[in-house]
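**Q** Based on the sequences and whatever the hints tell you, model everything.
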Amino acid sequence: MPAARVTLIRIFYALALLLAVLVLNFSLMHLAPGDVADTISQSMGGADAEVLERIRIDYGLDQPFLVQLGRYIGNVLHFDLGYSFFYNQSVTSLILERLPATLLLVISAQVLALVVGVVLGVVSARRPNGMLSHFVTFLALFGYSAPVFWTGILLLIAFSLKIPLFPVAGMQDITVTGGFFAHAWDILRHLVLPMITLASIFLALYSRLARATMMEVLGSDYVRTAKAKGLSQRDVVYKHALKNALSPVITLAGLQFSAVVSGAVLVETVFSWPGLGTLAFQSIIARDTPTILGILFFSALVVIVGNLLTDFALRLVDPRLGGRR
Amino acid sequence: MTHMFKRLLAATATVALVATGAAAEEPTKGGTLVVAVGSNIRTMNSAVQSGIATGFPGAQIFASPLRYDEDWTPQPYLAESWETSADGLHVTLHLVHNAKFHDGVPITSKDVAFSVKMIKENHPFKAMFAPVESVDTPDDYTAVLNLSQPHPALMLAMSGQLMSIIPEHIYGDGQDIKTHPRNIENVVGSGPFKLTEFKNGEYFVLEKFDDFFIDGRPYLDKIVARIITDPAARAIAYENGEVQMGSFETIPRIVNRLKKVDGLTVTDKGFGAIGPIDWLAINTAKGPLQDVKVRKAIAYAVDKQFILKALMLGTATDAHTGIHPDSPFYEPDVETYDLDLDKANALLDEAGFPMQGDKRFDLTIDYGWAEAKPQVEYVKAALKKVGIEVTVRASADFPTWAKRMGEGDFDLSWDAVYNWGDPVIGVHRTYLSSNIGKGVWSNTQNYSNARVDELLEMAGKETDPEKRKALYSEFQKIVADEVPIYFINALPYHLVYSNKVGNPPMGIWSTSSPMDMTYLKE
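Chains as they are written, first to last, in our numbering: chain F, 764 to 1088; chain V, 121 to 642.
None of these hints come from the bench; they were simulated from the model. One or more hints might be untrue.
Keeping only pairs whose Cα atoms sit at most 30 Å apart, straight-line, the calculated DSS-like set for lysine-lysine is [claimed, not checked]:
(1) V/Lys-523 x V/Lys-493
(2) F/Lys-925 x V/Lys-246
(3) V/Lys-479 x V/Lys-504
(4) F/Lys-925 x V/Lys-379
(5) F/Lys-925 x V/Lys-342
(6) V/Lys-523 x F/Lys-925
(7) F/Lys-925 x V/Lys-641
According to the in silico footprint, chain F covers these stretches of chain V (three or more CB under 8 Å from chain F) [stated by the list, open to error]:
(8) 147-161
(9) 345-354
Heads up, incomplete: computed chain V residues facing chain F, CB under 7 Å, no partners named [stated by the list, open to error]:
(10) Thr-299
(11) Asn-360
(12) Pro-519
(13) Lys-523
(14) Gly-559
Where is the CB? At the ideal position from N, CA and C, for every residue including glycine.
**A** Take a look at the structure:
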C-alpha cells in the first residue's frame, strides 16, 4: 500500500474516533442527573429557583437533548469548542492555557520512566538473581501498586516538609524575579516531585519489560556469536542486544501514552499542577460539559500524536520496519 | 534577696512584654502576603456571584458601603454615614468624597444605584434586595434606597461579601454582566487592592491601590493568592511556610494537625456571618417521617456528642438551631435531644411503629459530598439500635444529590446550609412554606407551619432589634420542637495564619472582608 494512502486512512480513522469520543461523552454527561446549574448554585452557596432557571435558559440546557448535541457538533465542525459555563471563558483558550503544563509534565515523566526503566531493566537482566535485580523488582512493583495520590503526598511530606528541597504546589513561584534562567530553574524545582510521582507508575512496566526482553535477547544465537567473536561484555550488551530489546519497550510506551495522560489527572490534582488534568477533574465535578469534551478532544489528539511519534521512534531503532514500506 | 531579684526580673519581663505588645500594635507597611485559596474562581465580580471562592478576591477588589467588626456592628466604609427613616422605608447612604475606581474615575452615588440594580437583577440571593424599589441620587455623594417595606436585612447585605460597588462606566455597556469579559480581566474595582494578574487554576495577584480612599491603607503591598485545591497539600504549604494564610479549612484531622505546628495560629473565629451549619435533614412529607414523634425519636437516637467528639474530633461547635451560634439572633435555649434510646423507642411505639422482630421500618439517607460519609454511616448504625433500618444512598457527584434534594426524593439527608449574613438571606429559605421544592437548599424538608411563616415574615421587616430577636427566638424554638431538621454542629471552618501576619481578618466574614488592615510583621 502506498504510504500516502496509509496516512490518509489513518487520519480518517483518527477523525472518526474523535467524533465518536465527542458524541459518546456528550450523551453520557447528559444521562447523569443534575447539571452545571446545580454546581454553579453550589459555588454560590445556593440560588433562588428563578436564578437557576435563567442559568439553564442562558446556556441552552432547557433544550431537548438532540438539539443540544446537534448544536455542539455543529460548533466543533467549525473549530469552535464552545464556552465554559463554569469558567466564563472560551474552552479553546482555557485548554491552550493549560496544555503546555500538561505536556511538560507528561513528556518529562514519560522520558524519565523510559530511561530509568530501561537502565534498571538492563542492569538487572545481566544478573537476574542478584540483589540489585531483586531490589529493582521490589521498587518497580511498589511504585506500580501504590496509589499515585498517596505516593505524591508521601513525597511531599518527605521532600517539602521534612527535608524542604522542593516547593509544595503549583508550577511556579510568582514572587521569583529574574531572567529566563531564574524562571526555568523555578519551574524545574516545581516539576521534580510531580514528575517522579507520575513516572513511578510506569517505571515498573518498562523495567520489567526491558528486563524480560533483554534476558531473552541475551540468550539468542547472535549474542552468543558476538561473545564468541571476542567482543567485550559491554559492547555485546549495549551495542548488539539493547537495540533489539528496545523495540517492545517503545511499543509499550506508545500504548501507555493515554495512561500517562490519565495518570496526570491525579498527579496534577495532588500537586496543584496547572494542567489539563486538574482542569478535567474540576470540570467533571462541576459538570462543565463543554470543557470536559474539549479536554477529551485534546487528550485524544495528544494520544494520537503520541502513537505516531512511537511509530517514528520504532523505525529509528528497527530499520526493518522502515524498509518494508 | 533572691525574692527581690525575682520580682525585679518579673517586672522587667512585664515591661518588655508591654513594649513588644505596643510595637506589635503599630502595623508595618509593605510586604507580600501569600495566601492559599482552595478552589477556582468563576468570576471576580462579586456583584453577580456569591460564595466564598469569589468572596475573598471580591472584597479586596471592590469596596462595599459598610463593613463589620467582630461584634456584628456596622462600621463606615464607602459610606461614611447612613441613616434609616423613621418608617424604615428609606435608607440614606452618605458616601466618602475621595473614593475612586482603580482607573481613576470617582465613585459616585450613580455607581451605587447601578450596583444595586445589577445585584438585584443578577445576584443569586433574591431576598437580599427584593424590597428595594428604587435608588435616588440627589447628589454625587448621597444615595437613597427606597423600600417597599422595612428591610433590616439590608444592613448586613451592604457588607463586602454581598454588595460590591461596581463601576457603571465599565459594566453599563449593555453586555450581559454575568459573562462580562471584564469580570476576569482588566477588572476595575473600588477596593483596597487591584487585580494585576489572574491565571485561573494557578494564582492571582492583588496589588495595593495607591489612591484607596482610606489614607495610609492598605498596609500590604501585595497579596499573592495561590490556588491549591488539595487540602493535604495546602496543609503542607502552611507548615513549611510557603503560604502564610488561608481560610475555610474544615477537615478535622488537618485542622488538629495544624494547631500543633509552631508558628501557626488556627482559629474558628470570624465565620459567624458566613454561618455554615451541618444538619440532618428530614423529609417531613415522607411516610413515618410525617409524624413529629418519629422525627424526635430519630433525634434522640442520634448521639450528637459522638459526632462532635469522634467524627469532628472536637473542632466543631454544637449548633442547636439553624442560626449560627455566633449570630446575635441565635437562641441556645431550645428543646435539645441528648442521646436517650429508651425515649426514642417509646416515641416510636407511641407513633404506631412497633418493633417487629428487630425492625420497625426502612429509611434511606443521602449525602452530597465525601466529607459527610462518616456522619451518614454513623446515623445508619445509630438508628439501627431503635429498629430503623437505614440504607445509605451515595451520589456520584453534587448535581446528582442536588437533584434528589430539589425534587424531594429523599427520606433523610446530611446537609450543610449557610446563613449568609442576615437570617432573611440564608435562613428563611429553609423554612418558608412558599419555598418548598425550589431546588437544592430551598425548603427541601417540605416543612410547613403557618406560625413559622408568620414569624419569619414579621422578623423580616421588624426594625427594632430586640423585637426582632424575640421573633427569631420563638421561630427557633418551634423548629427545634418540630424537628424538620436535627441541627448538629457549625461547620468547623478555620482560619490558619502564620504568626508573622498581623490583623488577620477576624470579623464576621473571615477572608470575604477587606484586608486593608492586615500586615506582615518584620
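**Q** Going back to the hint list, which numbers does this structure go against?
**A** 2 and 6
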